[in-house]
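K.L.:
Sequence:
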Amino acid sequence: MQTACAGVPPDYFSATGQLWGNPLYDWEALKADNYSWWVERIRGMLRLVDIVRIDHFRGFEAYWKIPYGSPNAIKGEWTKGPDKALFDEIKKRLGNLPIIAEDLGVITPEVESLRDSCGFPGMKILQFAFNENKWNVESASSKDLPHNFKTSNVVVYTGTHDNDTTAGYFTSCSETMRKNAKRYLGLDKNANVQDLVKSFVKLAFSSIADTCIIPLQDIYGIGTEGRINLPSTTGTNWTWRMEGNLLDSNGAKFLSELSELYGRNQNVFLGKNKE
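If you count the sequence shown from 1, position 179 lands on 1550 in the working numbering, and the numbers rise without skipping.
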């Protein structure tokens, strides 16, 4: 009988947290088998893709345990995960691997230590940089602002599948946030949303991050209608599809010019954990 389920506590995506509902891993049983299930899962993934992004990486240090039947994810408790022992076993049996750690959410020094000790690049999200709760006009203190990146061993995104598209973000955000972004990007106060989108993409490319990932929607300046996922909701997510008429030379030229200008035209993963 299921007594607990997975999710995350309240955060910037949801005031009531995210109640996923799926069962929790039996980490003691997995440890007894030397994490063979996880080793084979990673091995299988790398037959399909070149780089693995581990979603909700913080859950390996500690995960949010919610009583089964709860109406939301507010009431739960942090429970210790397998920590570095899991990744040591994966490395022992598969070697150094191209893995990205999705280190978003409630991140503690312990989570950062786990990520760094594994050598995995973390993530920087430019849309988070201008959040009014994080922005400090005097010090521009957000960790997601490129001038605050402390290492190149990160992956920079304009936004992820959980964010609105950048055009949608700048259309719906507050005027203060737009003003902060224009100031940081060196844009005229009359710059429009599409100007902001292009400058955002350029900002990601120009950062020191080893790897830069731009959603297709941001290459083409698509609005909220192109949003992939709205956290804590079901039924309407993951339905956007790229239509063939988007594949024009303008998008390719835009990417090509930025890749050449900022030296990103190498077809390699630049994380420090590569062979």
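Possibly wrong hints are sitting among the right ones.
Claimed, not checked - Straight-line Cα separation of at most 25 Å, DSS-like style, residue types lysine-lysine; simulated pairs:
| no. | residue 1 | residue 2 |
| --- | --- | --- |
| 1 | Lys1514 | Lys1550 |
| 2 | Lys1402 | Lys1462 |
| 3 | Lys1569 | Lys1550 |
| 4 | Lys1402 | Lys1455 |
| 5 | Lys1569 | Lys1553 |
| 6 | Lys1514 | Lys1446 |
| 7 | Lys1462 | Lys1514 |
| 8 | Lys1553 | Lys1573 |
| 9 | Lys1451 | Lys1402 |
| 10 | Lys1573 | Lys1514 |
Quick caveat, the hints were computed from the structure, so don't treat them as lab data.
Bear in mind that the values here come from a model prediction, so they are computed numbers and not experimental data.
K.L.:
Now, for every hint given, state plainly whether the structure supports it.
P.N.:
Results of checking the hints against the structure:
no. : hint               : in the structure
1   : Lys1514 to Lys1550 : holds (19 Å)
2   : Lys1402 to Lys1462 : holds (15 Å)
3   : Lys1569 to Lys1550 : holds (16 Å)
4   : Lys1402 to Lys1455 : holds (12 Å)
5   : Lys1569 to Lys1553 : holds (12 Å)
6   : Lys1514 to Lys1446 : violated (28 Å)
7   : Lys1462 to Lys1514 : violated (29 Å)
8   : Lys1553 to Lys1573 : holds (13 Å)
9   : Lys1451 to Lys1402 : holds (13 Å)
10  : Lys1573 to Lys1514 : holds (18 Å)
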